[in-house]
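Q: Work out the full structure: start from the sequences and follow the hints.
Taken in sequence, the protein lines are chains A and B.
Residue numbers for the first sequence follow our numbering, beginning at 45 and rising by one.
Residue numbers for the second sequence follow our numbering, beginning at -18 and rising by one.
Be a bit skeptical, because a hint or two may be false.
As the list claims (entries may be wrong) - Derived CB-CB ranges, DEER-like:
hint	chain 1	residue 1	chain 2	residue 2	range
1	B	A4	A	D267	54 to 64 Å
2	B	L325	A	G190	50 to 60 Å
3	B	L297	A	G69	48 to 58 Å
4	B	L297	A	K122	29 to 39 Å
5	B	V0	A	K54	47 to 57 Å
6	B	R(-5)	A	E232	31 to 41 Å
7	B	L325	A	H102	55 to 65 Å
8	B	L297	A	E170	32 to 42 Å
9	A	D267	B	R364	27 to 37 Å
Stated by the list, open to error - Coverage of chain A stretches by chain B, computed from C-beta distances (three or more under 8 Å per stretch; other residues unrestricted):
hint	stretch
10	92 to 104
11	115 to 125
12	133 to 139
13	152 to 160
Note that these hints are calculated values from the structure, not bench results.
Where a beta carbon is used, it is the ideal one built from N, C-alpha and C, also for glycine.
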Amino acid sequence: MAFIEIIGLKKRYEGEADCVEALKGVDLSVAEGTFLGVMGPSGSGKSTFLAILGGLCHPTSGQVRVDGIDLYGLGQEKLADFRREYLGFVFQSFNLVPYLTALENVMLPLAVKKMPAATKRERAREVLARVGLAARATHLPSQLSGGEQERVAIARALVNAPPLILADEPTGSLDTATSTEIMGLLAELNKEGQTIVMVTHNPENQAWFHRTVSLRDGLVASDIATAAPLRAAAG
Amino acid sequence: MNLRTIAFNNLRRRRARLVFLVAGLLIGVATVVTLLSLTESLTMEAEHKLDTYGANILITPRSDELSLAYGGITLGAVSVDAHEIRQRDLVRIFDIPNARNIAAVTPKVLGAVEVGAARVLLMGVNQEVEFQVKRWWSVDGRPLVADDEMVAGSAVARRLGLAMGEPVVVDGRSFTLTGILRETGSQDDHLLIGSLPAVQALLGKEGLVSLVEVSALCGDCPVEDMVNQIAVVLPDVKVSAIQQVVKTRMHALDQFRTFSLGVGVVVILIGALVVFVTMMGSVNERTREIGIFRALGFRRGHVVGLILMEASAVSLLAGLLGFLAGMGATRLILPFLAEEHPHLVWSLPLAGGAILLALVVGALASFYPALHASRMDPTEALRAL
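A: In structure tokens, the structure reads:
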């Protein structure tokens, strides 16, 4: 059975004057351990697709299953539990909490988990070191560069060791060198077995993916597997 | 790292926001405290004024005789010289347990004297206290000051053709008329009023008084208790409460209190509204943050708990500071409003009420927007700003 299974996914946004159909019926199966790229032009529905896959936004119709769990069959609170246990989010605009240090931001998903404070701190330090930011642990987001903030966001997505990482344009606001670093980091995590679904509009990133799904006007326009992604070469 | 750490760090690291929020709540709480404590102090001032406005306890000589008098009209001769009260005993009144509630003690000596061919009633008073207590007395001229001065009631002045500044000869002794009482409609119109020692000497009643009026300061302390206490220290006299005065006074005070309560309710509502709007605005600002928490797997209860925790801390601080600020403001304003007794009341229930008001309203105002934001889809919340 596929790790992610999406059947007949539709999403319509009702506006005051008009309504926008962001997804018009998407079907997709993704195997565990895949580094999946979702591409498409602006307004193609890729961010909506990721939000629905992450249990953040209810679809108008269709089903999303992750590890056999029907996400939108769950209640609001169970869905929150699912996000905490199964998912790591890397948002387009980092979405770090401004009054928490890098280390505290990383610990955020653990804040409502019952485990000793020392263990939480230790695990957060580990992942922060993993993304190369051990020395910046006590800095507030405003004291970090864009690339560093992105790394903190990635560390936060990793801290609860989720089976699935969802990343929305993680390199969107970064320069080329930093983008390459971040993509390398994600590829490395994927190599360790992490399933990653990443939305991007940058065709250069395609080289890192196992598989690239292109969306256009709310439908899957193409679904291409890459024979030898860069992560293999890097490895 | 837990919800408490997040709440604490938010308050600690966003000081400007905390100051702004506390200031907003503080203004609401301080306004309520200022107005309520001012009302409280002004009520006390009103009580005090009412209590010095005429006597409410009467001390008269004990007599077994039946007095044929009703409503100020005397139908038969009443013996006033049966058992006079000894003036020196009166200091004992200040030994009663409720002595601090006594506003004034006004002894009087009464007797009939001859002025020319007419017989008039002469009253000796302690002029300093008497003219203060009888606030309804309006004197043309001035009140008497010295022992050789007198004030006449309007009727007696008319009857005897007395004029201000002229001498009045009473039983052969000459007094200067310093003032004439304007018509009061009471028996005061028929009196000649002199100083207590002079009248005692004229009447041959040195060291004796005919009756004593007592003004009790406290509006709602049981006047019967004070009557009994005075009866204990002055066993040879008759002590009675002037129920009509007591009841009228209580009624006036009750009306003032009802008014104060009405003002209090309106002020609390306005203060609560200020606190509510400030807190609600603050939580609404955090919709995006709530979206992040929800996306990271915080349950609705976690988010609401976090917001309430912060709101409680802020409200507690604002409640406490608001109370102090309100009392400070009262202290500054009070002397302009209460001229005689600007007495600041540090009330524990008011302090508790102020903090409780801030806590309850702050929590209520945060609860709704927090619940609303936590119910939104996290993407919607993240897009909110």
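Q: Does each hint fit the structure? Answer for all of them.
A: Hint check results:
Taking the beta carbon of each, A4 (chain B) and D267 (chain A) are about 57 Å apart, inside 54 to 64 Å as hinted. At roughly 57 Å, the beta-carbon separation of L325 (chain B) and G190 (chain A) lies within the given 50 to 60 Å, and the hint holds. As the Cβ distance of L297 (chain B) to G69 (chain A) is approximately 54 Å, the hint placing it in 48 to 58 Å holds. At about 34 Å, the CB distance of L297 (chain B) to K122 (chain A) agrees with the hint of 29 to 39 Å.
Between V0 (chain B) and K54 (chain A) the CB atoms are about 48 Å apart, so this pair conforms to the stated range of 47 to 57 Å. Judged by the Cβ atoms, the range 31 to 41 Å given for R(-5) (chain B) and E232 (chain A) holds: they are separated by roughly 36 Å. A hinted range of 55 to 65 Å for the beta carbons of L325 (chain B) and H102 (chain A) is consistent with their spacing of about 59 Å. For the pair L297 (chain B) and E170 (chain A), the beta carbons lie near 37 Å from each other, so the given range of 32 to 42 Å is met.
Range check, D267 (chain A) to R364 (chain B): about 28 Å between beta-carbon atoms, so the 27 to 37 Å window is met. Here's how the stretch 92 to 104 of chain A fares: 5 of its residues keep a CB closer than 8 Å to some CB of chain B, so the rule of at least three is met and the hint holds. Closer than 8 Å: that is the beta-carbon criterion, and the stretch 115 to 125 of chain A has 4 residues meeting it against chain B, so the requirement of 3 holds. Only residues whose C-beta sits within less than 8 Å of a C-beta in chain B count toward coverage, and the stretch 133 to 139 of chain A has 3 of them, enough to reach three; the restraint holds.
With a threshold of 8 Å between beta carbons, the proposed coverage of the stretch 152 to 160 of chain A by chain B holds, since 5 of its residues qualify and at least three are required.
In this structure, none of the earlier numbered hints is contradicted; all agree with it.
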